[in-house]
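Q: The primary structure of each chain is shown beneath.
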Amino acid sequence: MTATAVIDRAPATRLPSPPGDLAIWIFILAELLVFGLLFVAYAFARAGDVALFNHHQQELDQAAGLINTLLLVTGSYFVVRAVAAVRGGSGRACALWLAAGFGTGVLFVAVKFGEYADKFAAGVSLSTNTFYMFYLGLTFFHLMHVLMGMVILAAVAQKAWCGGYSRVEHAGVETGAAYWHMVDLVWLILFPLLYVMR
Amino acid sequence: MNATALRLRPCTRVWVMLLALTTASVVLGNRAGGWAALAPLLLALAVLKGQLVVDHFMELRRVRRRWRALLYTYLVLVAALIGVAFMID
Chain H
2 MTATAVIDRA PATRLPSPPG DLAIWIFILA ELLVFGLLFV AYAFARAGDV
52 ALFNHHQQEL DQAAGLINTL LLVTGSYFVV RAVAAVRGGS GRACALWLAA
102 GFGTGVLFVA VKFGEYADKF AAGVSLSTNT FYMFYLGLTF FHLMHVLMGM
152 VILAAVAQKA WCGGYSRVEH AGVETGAAYW HMVDLVWLIL FPLLYVMR
Chain X
-10 MNATALRLRP CTRVWVMLLA LTTASVVLGN RAGGWAALAP LLLALAVLKG
40 QLVVDHFMEL RRVRRRWRAL LYTYLVLVAA LIGVAFMID
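Residue numbers (my numbering), protein chains in the order written: chain H, 2 to 199; chain X, -10 to 78.
It is worth saying that the hints were derived from the structure and are not from the lab. In this text, all values refer to a predicted model and were calculated from it rather than measured experimentally. Check before you lean on any hint, since a few could be wrong.
[Claimed, not checked] Among the chain X residues that face chain H by a calculated CB cut under 8 angstroms, a handful are:
| hint | residue |
| --- | --- |
| 1 | -3 |
| 2 | 0 |
| 3 | 4 |
| 4 | 8 |
| 5 | 11 |
| 6 | 15 |
| 7 | 18 |
| 8 | 39 |
| 9 | 46 |
| 10 | 47 |
| 11 | 51 |
| 12 | 53 |
| 13 | 70 |
We put the beta carbon where it would ideally sit given N, CA and C, even for glycine.
Chain H extracted, bound-state conformation (with noise of 0.2 angstroms):
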């Protein structure tokens, strides 16, 4: 039995894309390719000088990590909490639980920007070694698209604070949170690969 199983039952009745428009789904597709190659170049990278790797991964602020590893997903919660609550016909909630979302995006550039702060303050940049590119390189490219998600969600809050979304019409609300998911579902596998697994 699967965790998923745990959780609920699949309905019986499936939909014929995923929810929010299908644009959106095939720019995450793309994106998740990028980051999925970035991953497994960083993987292959460090085969070939592990003790490097090993040693520089211990100079990370792993607490950190974690810290923005829960904010992540705590954001994608609030998110399905603004698409459950559009479907319910609430606009005005909807709009907070996204504004909620938006706040542990602030929090998670926040503790990014005070990691930088550290490691610039060591003399740390890209040309320092392979180990440190890749991890400046990717948690960048990573936090793009943090600040990218951000203001999809501040723009998705603020048409269902005004109305903007209902019962019926919402894909605007769904198209926002699946951007947001794929961000936390990268880090997900980046979080372990860079912080934790050696």
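Using the hints provided, position chain X relative to the given structure of chain H.
A: Relative to chain H, chain X alone:
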């Protein structure tokens, strides 16, 4: 499972599971120094967490199976390739 857990929304249960699995993977990673099975175990936990996000947060469990299969394949393939690279050392 007690009555309180049963009253929780499915998405809330998933959220709590994700928080617990994330914390568990870090505790495991720090306590099992040098254990050969650690990398595959952490990858399996990452795939499990990804599966929960895909099914319940992205809601692909409500959608035609090919979408879910695509995302599952992605998670397993990326984890498998990372696992192979970690076995080289």
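Q: Of all the hints given earlier, name the ones this structure violates by number, lowest first.
A: 1
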